[in-house]
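Enquirer: Given next are the chains, with one letter for each unit.
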Amino acid sequence: MELRAVSKRFGGVQALRDVDLAVRQGSIHALVGENGAGKSTLGKIIAGAHRHDSGEMLVDGRPVAYGSPREALADGIALIAQELSLVPGLSVMENVLLGTEAHRLGMLDARTMRRRFGELEELGFNLPADVPVGSLRMADQQKVEILRAVAREVRLIVMDEPTTSLTPDEAERLFAVIRDQAARGTTIIYISHALESVLELCEEVTVLRDGQVVRTTPAARQTVEGLVTAMIGRSLGAIFPPKQPPASDAPVVLSVRGLATSGWVRGVSFDVRGGEILGLAGLIGSGRSEIARAIAGAERREAGTIEIDQQPVRINSPREAVRRGVALLPESRKAQGLVLGNSVLDNVTLPHMHAFQRGGVVLRSRQRARVQEVCDQVGVRAPTLSGSVSSLSGGNQQKVMFAKWLCRPPRVLIADEPTRGVDVAAKHAIYELLVGLAARGMAILLISSELEEVLELAHRVLVMRRGRIAGELDQADEKAVLRLAFGTAEPQSGAR
Amino acid sequence: MSSGLVRPDSPPAGDAVAGDASVSAPATSSRTALKALGAVRDYGVLVSLAVLFVVLSFTAQNFLTKGNLLNVLDQSTDLGIIATAGTLVIVGGAFDLSVAGTFALSGVLAAKLATNGVDPTIALMIGGFSGGVIGFFNGLFVARIGINPFITTLATGFILSGIALVVTSGSLILVTNPNFGSIGTAAVGGVSWESIIFLIWAAIMAFLLARTVFGRYIYACGGNEEAARLSGVRVSAVRTVTFVMSGFAASLAGVLSASKVTTGQADAGQGLELTAVAAVVVGGTSIWGGSGAVWRTMVGIFLLGLVSNGFNLLGFNQVWEQVVFGGIVLLAAAVDARLRRGRS
Numbered sequence: 001m002e003l004r005a006v007s008k009r010f011g012g013v014q015a016l017r018d019v020d021l022a023v024r025q026g027s028i029h030a031l032v033g034e035n036g037a038g039k040s041t042l043g044k045i046i047a048g049a050h051r052h053d054s055g056e057m058l059v060d061g062r063p064v065a066y067g068s069p070r071e072a073l074a075d076g077i078a079l080i081a082q083e084l085s086l087v088p089g090l091s092v093m094e095n096v097l098l099g100t101e102a103h104r105l106g107m108l109d110a111r112t113m114r115r116r117f118g119e120l121e122e123l124g125f126n127l128p129a130d131v132p133v134g135s136l137r138m139a140d141q142q143k144v145e146i147l148r149a150v151a152r153e154v155r156l157i158v159m160d161e162p163t164t165s166l167t168p169d170e171a172e173r174l175f176a177v178i179r180d181q182a183a184r185g186t187t188i189i190y191i192s193h194a195l196e197s198v199l200e201l202c203e204e205v206t207v208l209r210d211g212q213v214v215r216t217t218p219a220a221r222q223t224v225e226g227l228v229t230a231m232i233g234r235s236l237g238a239i240f241p242p243k244q245p246p247a248s249d250a251p252v253v254l255s256v257r258g259l260a261t262s263g264w265v266r267g268v269s270f271d272v273r274g275g276e277i278l279g280l281a282g283l284i285g286s287g288r289s290e291i292a293r294a295i296a297g298a299e300r301r302e303a304g305t306i307e308i309d310q311q312p313v314r315i316n317s318p319r320e321a322v323r324r325g326v327a328l329l330p331e332s333r334k335a336q337g338l339v340l341g342n343s344v345l346d347n348v349t350l351p352h353m354h355a356f357q358r359g360g361v362v363l364r365s366r367q368r369a370r371v372q373e374v375c376d377q378v379g380v381r382a383p384t385l386s387g388s389v390s391s392l393s394g395g396n397q398q399k400v401m402f403a404k405w406l407c408r409p410p411r412v413l414i415a416d417e418p419t420r421g422v423d424v425a426a427k428h429a430i431y432e433l434l435v436g437l438a439a440r441g442m443a444i445l446l447i448s449s450e451l452e453e454v455l456e457l458a459h460r461v462l463v464m465r466r467g468r469i470a471g472e473l474d475q476a477d478e479k480a481v482l483r484l485a486f487g488t489a490e491p492q493s494g495a496r
Numbered sequence: 001m002s003s004g005l006v007r008p009d010s011p012p013a014g015d016a017v018a019g020d021a022s023v024s025a026p027a028t029s030s031r032t033a034l035k036a037l038g039a040v041r042d043y044g045v046l047v048s049l050a051v052l053f054v055v056l057s058f059t060a061q062n063f064l065t066k067g068n069l070l071n072v073l074d075q076s077t078d079l080g081i082i083a084t085a086g087t088l089v090i091v092g093g094a095f096d097l098s099v100a101g102t103f104a105l106s107g108v109l110a111a112k113l114a115t116n117g118v119d120p121t122i123a124l125m126i127g128g129f130s131g132g133v134i135g136f137f138n139g140l141f142v143a144r145i146g147i148n149p150f151i152t153t154l155a156t157g158f159i160l161s162g163i164a165l166v167v168t169s170g171s172l173i174l175v176t177n178p179n180f181g182s183i184g185t186a187a188v189g190g191v192s193w194e195s196i197i198f199l200i201w202a203a204i205m206a207f208l209l210a211r212t213v214f215g216r217y218i219y220a221c222g223g224n225e226e227a228a229r230l231s232g233v234r235v236s237a238v239r240t241v242t243f244v245m246s247g248f249a250a251s252l253a254g255v256l257s258a259s260k261v262t263t264g265q266a267d268a269g270q271g272l273e274l275t276a277v278a279a280v281v282v283g284g285t286s287i288w289g290g291s292g293a294v295w296r297t298m299v300g301i302f303l304l305g306l307v308s309n310g311f312n313l314l315g316f317n318q319v320w321e322q323v324v325f326g327g328i329v330l331l332a333a334a335v336d337a338r339l340r341r342g343r344s
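Line by line, the protein sequences are chains H and V. This note's numbering puts the first residue of the first sequence at 1, with every later residue one more than the last. This note's numbering puts the first residue of the second sequence at 1, with every later residue one more than the last.
For the record, the hints were derived by calculation from the structure and aren't laboratory data. Just to be clear, a hint being listed does not mean it is correct.
[What the hints assert, rightly or not] Incomplete in silico selection of chain H near chain V, CB under 8 Å:
1. SER255
2. VAL256
3. ALA298
4. ILE315
5. PRO330
6. ALA335
7. GLY337
8. VAL339
9. LEU350
10. MET353
11. GLN357
12. ARG460
[Said to hold, decoys possible] According to the in silico footprint, chain H covers these stretches of chain V (three or more CB under 8 Å from chain H):
13. 155-164
14. 215-222
Positions of the beta carbon are idealized from the N, C-alpha and C atoms, including for glycine.
Please work from the sequences and hints to get the whole structure.
Expert: This is how it looks when you write it as structure tokens:
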């Protein structure tokens, strides 16, 4: 399998630029890089889920262009994505043979199917045939996906972050299966953040940064440190406004102690002062968003206390959070942030309707006046405030979310991936907005997968790893953050 | 096209940068077509109603008479009261299929009470408010326990119809006290009280949805439940209230209907729940929630009413009426489906 000068754009974002990649048959080849470096996009192009804009893709020396995952599958290429595509209610055997069932005159031929499944079983997957897939553990579900690919005589499997939801023990067993498949001639492209296991499992490693290949080298000649260095090391653009440190006597506005969630966040404590931007860094799934949601009442807290302006507060629902002046800008504006079919007006005032009504009737002129004002302040460019937000660009939608919370300024603003999927100009505007809000005394908790955002905007950075604070950095640089996030260094002192 | 692979409702997968950007890639020509289709949905139904009205005015002799038009209005009241309240439920992202059961049971309840010595006015009032209680329980099951609204109200609908059958033992309950029929048969200047109540009710529903905070919350809950919740909206409370409205509307219509014929009957209003959904959809309110309006439902009701009236006046074979109904519903739903697909 070979890629030559493959490029891909998504709207205004150049996701991949002139990517060259050669993968030997029967090898395990890793793709690593920061969040947003283009690893998953590359994997999806190989497996037909996206189509490249330019460049060439060769399989066995023959140029191909897959229009759909189905076409790639027919050519022997399968993608095992982070979200598995199994039918939970069907048995292991039914899932493995899904779409390739043996039949006679349309009736299922159970005997032939059992025989085929039996043959597959000899590969040593150790999976029960008749158990519903939904009742299996994640690692075993992943094995079912691999077995399904094997059953279809797939020659190349793209695996995107297969170990994020596995225990080390389960991951080890999965690796054994992967190695065995490679030994039988199947090519594996392995996309992962877990650098140590990448080095342990894979033969070659390709590092991506900003949609470009940094280098491809044999894993034996690599170290985790070396990979991390290769993944970062770009110049920081001048798009970040200068930091303004909070006043030295600024009072603590948000104080969190011993926070634990039903997920895996445990023992998280920190303070944010007025005018301070506290960055929350870490890999996707390290618990950053869980913390944000727990503070905003969107997710259950198992333990921990929250104080606002040194007063203990009870926040058990988003409604209470809004009342206490805690605003959450959620990570997905589409799924959590905006009612896309509704107007700018209604989206902006949704949390504050009580201020725009008399006797339950909406005071529409007051509503319009305030929304106009706050949209101007934030820089929303919308042809009309009554039009639905779905017609706006990503950057403008994101600004509408800001307008929504600034309509009645909160004490604490939690911004989870505030620049996701917006262009550079909108990013710049959002950075200025965040810095400006802090300058006016708001306490801001900033979560971002784009490390430089956290580094350039935050006054202090907490690095999360597996649900815990791995360390706190006052003078953060990318290396230090990544070391903590990947767990390649001892936690630094300063974590309270 | 890459954008076709991104499901409209699925959260962006994979790397952050890749997720949303692909969706916003514009396709100008298809967008213009979509806009045109949007206009069809917004005003097509209104134009259809006007065209049908004009056509009937010329072809059917007795159509454009006060008597006939009031008759159309009068015959739309049961459906109208229920469907206007049902609009709130559907815009809020749920369904109420129990309205036919409520309709029947409330009439039966009022008739049973009236024949057992309760003052007819009181009996009608008790029956009329019974649906509010039923709606509250529907809301409880849907919003608090989290049972799918479709299943919940299908089940409670069966239960309510069943109770109505038990109460009547399968026969009609005739009410002899003339006061029982006073409201259902009374009229002011040729306009039946029923029709007046329907129009008032529809105006209240339209006002609630379009002008009040509660109405804004209904749109938000139906449009994006999670975003509404994170904005501090009490989604379950909002939804429960829409069910209370819908239940109350069904029992109101039920007692008016029972009063009209001075009879309680367990099989009254059969099929009303689905006709109500049809009227809402024909008007252009999205079946997926989050958008729509009560005036649309009114247009849908009168469109279906005029079709029925036209069959009658023009002497067409009535057996075809349902076929035409179904065709209209399908057409309206098809326009909505195309709009939805394009929006992704």
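Enquirer: Can you give the numbers of the hints that this structure goes against, from lowest to highest?
Expert: 1, 2, 4, 12 and 13
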